[in-house]
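Asks: Each chain, written out:
Number of protein chains: 4
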Amino acid sequence: MPFQIQAELHYQVLQRSTVLLNVHALTTANQTLSHESFQITPGVIWEELPIGTAGENRYIRLDTGDAQQLDITYSVTAETSPVMISHEALHDLPVSQIPRSALTFLFPSRYCQSDRLGKLAWKEFGGILHPYDQAVAIADWIFNNIDYLSGSTDAGTSAFDTVTQRAGVCRDFAHLGIALCRALSIPARYFTGYACNMQPPDFHACFEACIGNRWIIFDPTRLASLNGLVRIATGRDAADASVATIFGQIELTGIAVSCTSPDFQPLGPDDLAGQAIVLDS
Amino acid sequence: MPFQIQAELHYQVLQRSTVLLNVHALTTANQTLSHESFQITPGVIWEELPIGTAGENRYIRLDTGDAQQLDITYSVTAETSPVMISHEALHDLPVSQIPRSALTFLFPSRYCQSDRLGKLAWKEFGGILHPYDQAVAIADWIFNNIDYLSGSTDAGTSAFDTVTQRAGVCRDFAHLGIALCRALSIPARYFTGYACNMQPPDFHACFEACIGNRWIIFDPTRLASLNGLVRIATGRDAADASVATIFGQIELTGIAVSCTSPDFQPLGPDDLAGQAIVLDS
Amino acid sequence: MPFQIQAELHYQVLQRSTVLLNVHALTTANQTLSHESFQITPGVIWEELPIGTAGENRYIRLDTGDAQQLDITYSVTAETSPVMISHEALHDLPVSQIPRSALTFLFPSRYCQSDRLGKLAWKEFGGILHPYDQAVAIADWIFNNIDYLSGSTDAGTSAFDTVTQRAGVCRDFAHLGIALCRALSIPARYFTGYACNMQPPDFHACFEACIGNRWIIFDPTRLASLNGLVRIATGRDAADASVATIFGQIELTGIAVSCTSPDFQPLGPDDLAGQAIVLDS
Amino acid sequence: MPFQIQAELHYQVLQRSTVLLNVHALTTANQTLSHESFQITPGVIWEELPIGTAGENRYIRLDTGDAQQLDITYSVTAETSPVMISHEALHDLPVSQIPRSALTFLFPSRYCQSDRLGKLAWKEFGGILHPYDQAVAIADWIFNNIDYLSGSTDAGTSAFDTVTQRAGVCRDFAHLGIALCRALSIPARYFTGYACNMQPPDFHACFEACIGNRWIIFDPTRLASLNGLVRIATGRDAADASVATIFGQIELTGIAVSCTSPDFQPLGPDDLAGQAIVLDS
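Protein sequence lines, in the order shown, are assigned to chains A, B, C and D.
Quick note: full-length UniProt numbering has the first sequence finishing at residue 281, numbered continuously throughout.
Quick note: full-length UniProt numbering has the second sequence finishing at residue 281, numbered continuously throughout.
Quick note: full-length UniProt numbering has the third sequence finishing at residue 281, numbered continuously throughout.
Quick note: full-length UniProt numbering has the fourth sequence finishing at residue 281, numbered continuously throughout.
It is worth saying that the hints were derived from the structure and are not from the lab.
Don't take each hint at face value.
As the list makes no split between identical chains, a pair holds if one copy fits it or if it spans any two.
[To be verified] For lysine to aspartate or glutamate, the following EDC-like pairs were computed, each having C-alpha atoms within a straight-line distance of at most 20 Å:
#1 LYS119 <-> ASP140
#2 LYS119 <-> ASP133
#3 LYS119 <-> ASP63
#4 LYS123 <-> ASP66
#5 LYS119 <-> ASP147
#6 LYS123 <-> ASP133
#7 LYS123 <-> GLU79
#8 LYS123 <-> ASP280
#9 LYS123 <-> ASP140
#10 LYS119 <-> GLU251
#11 LYS123 <-> ASP270
#12 LYS119 <-> ASP154
#13 LYS119 <-> GLU88
#14 LYS123 <-> ASP202
#15 LYS123 <-> GLU36
#16 LYS119 <-> ASP270
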């Protein structure tokens, strides 16, 4: 199913700056792109960096030069083929069999201090036997216990804060999911992307947990349809995958995101019964 | 110069556990190994994992199985050829020219919350013009302002704590150095390794700052000679490069580390005047 | 019922120090003392300070002078008459009717950051109608969710940490109870004292919540019998009521506490059904 | 010198609330009031509470009842007689001679975690011999190292944050001054009040340090003239002395503060040379 995506970002440049921009969709085994377009204020020099090895991003690095204003428009058509997998097919692999590439995602990171959430995680979810059911329970717990509240957190908020403060946005929900999974020895990573028909439209963040050697996607905000996600980046947490990392001083003055598909059918509870969703196999 | 290295670790196994062990020296362009030996309690199953892509480690993953006791002996002869570079040869590259592989090391991580140390870093070191001189000043500041005090910190202590609590061990000194460099847009990473003739002998941690596309090593503890270091691992911080990451329950009961070289001549202040040290070019 | 209390503290003096000692039982409307004795290393100068106005303590202030060793023995016989009050008799007073003297105990304090626990408190306990039932639920929640684990916390640990780290000692349990009550606009304060027949014997900490203008005692550790408590001090939190606040450098080398009563009958669940305990009316 | 003071506060009431309001000037030995007026939206019930024992405030407690809007106007004429004391007259009292009433202000509090700033305080100021000179150095250090930046902090920010984040408002400056003093065993407390001719006009916060049994006032922001201060409240920190503590849900929609005196002569550097200012003897 093709998704029509467009993102616009407008900044005022207060001081010449370098920016790492992270809005390009990735090409993966299950996600193909076409009609990609990237437009930027004339005169601004930019380059697309090669995809990284830890996490994956298509960073645009730009230097504002003398521009006073930075206007960015990205558009693309993305075709995805998420895979549904029966719960029964997800094996419960011990840490001794977790693949090397997933081990990094067991370690605590800036916003996901899994090392400090161990007792909480074991008390709440330790009695659940299978890691898939644990991850489901974690996503449900977050949905039920954390308020989605714009403006309640800032760029410094981490899972350790959120677990007590009980409010946040998609980024905070994802961080808490990741931290709780890792605390249970389930590798977990940060997903950012576009979400079809999400209201209000915005960049979105979710988390993926590695269970039985498959990366299962979870959205503890329940704002997005899991079959309507288009990946921008994968990382340990938002430190790896911010929309924009700014070196200098520029100020966001406007943002508009859309992700639509004329024939999109969100998966409903019936479709998802007993099924996990893998975005990239 | 060949370094004779030996590390012994003894654990009591309280519960069957999986352990990621991080004691093997790396083979790099400037570090070659010979006579490597790894011995472990008979019956314990272990494997050496391929070197990772984010950071570099030669993890040993082991499963204690039914063993009650875990005894590990690692020994190796390592030959290193650190490079001395004149300060003048280190260019001051803007963020727009930092190599892709170093960008990851600009981001905040679990123990190095560079995003929260920005004002402090700019106030203390922002007036210094060249990033090399900034990194030198950071290492000096840490040495002069933080007490080296065994037992004053624990596995949860981060740079944000240390900058105020003003005490720590080599790990904390390295984390603070990394966080302050990143806050100034200097990529910085965690180094763990063996240190020739260090007193008392132990695993050591330092930091490397990427300046002019070279990774310069700094030891803010001043306990090690920079030409006597043998690399075990590189990472974002200690989350990537702990000596042992334990999944289960085992308890350290003994540790012994030695790193010696009969003819070792530590670099003195005269040798280092105007010179930076690069372990791996 | 008379309780025989004895406390011994032994310190090594590393450097001449001033100490605020907080081991004397209070005289209150419901607690009378006899046979009080306080002995200290000869030559050490000390004074008993007048009881404070915020919180209540009988501080001993001592100056070690030239003493190398500090040996303190306190003993007293305390008679208490805790009052049982039927739940029904505890009115649900709005904040607009809370007595002036209790208002201080609504504010956040060093170890009880009630300002950051609001959402958590309301989510977990906001559905409970009466403040007494809320306080009971808080004490139960702490008992059920926090592990009592000696050595798991230190003097810097606060309620904000404990709610996530899920382990602590009586001090941490009390702090969390206080913070959660205050977050629900229930005044709450710190109690330290002796606890009859508690195993292992030690100084104890609990919390008191002001409900319907009465200070109800709660012990979320469930280690002490509520009718076997002898008050040493009342405060906002442990910052006000440490056993010893040290200015200088002395090191605890030994401690022994006992609180016994030959005929003591701990209140059982039947006695407590529907009854709240007030130590001081 | 008489100061004409007026404060207006406007709130929208989102939900019936109780408010502790803290805008009334205190009557003290050195501060007398006249022409006091307090006006509030008709129908709102309020009372003035007796001055507390820990800290001092003239709280107004009000219940919004059915009011949709809350409009408050307070005005008063305050006459103060601050006292200048020569530095030489301030004795360096050891902790063993600090008066009982000041001891409370040695303990850490919600926003002043002096227990965690000990090493920093001793490293920066421990070499200074006299506590008055230490307090002066602390106020200077804060002025020189912390940026005054509206909006950079929030109600949860504490001295532990500010010492690293290096930005804040008068409240944060005061908290850091208090925490550093207490860490050096100098009792220190929070002052809120009106400040004559301060630009921009607002409520102000400073700190007082108890030296030689006198409470010396310090303003690390240097925004106010020390002889132009009118005291509203004294407390451990802002937890005791907020302008408004809200139980319920009301939203500030407007604020206006003025404090003027036709003949006010701010003390200049020459007046202050060698002189400390005591607001209340």
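Asks: Of all the hints given earlier, name the ones this structure violates by number, lowest first.
Replies: 3, 4, 7, 8, 11, 13, 14, 15, 16
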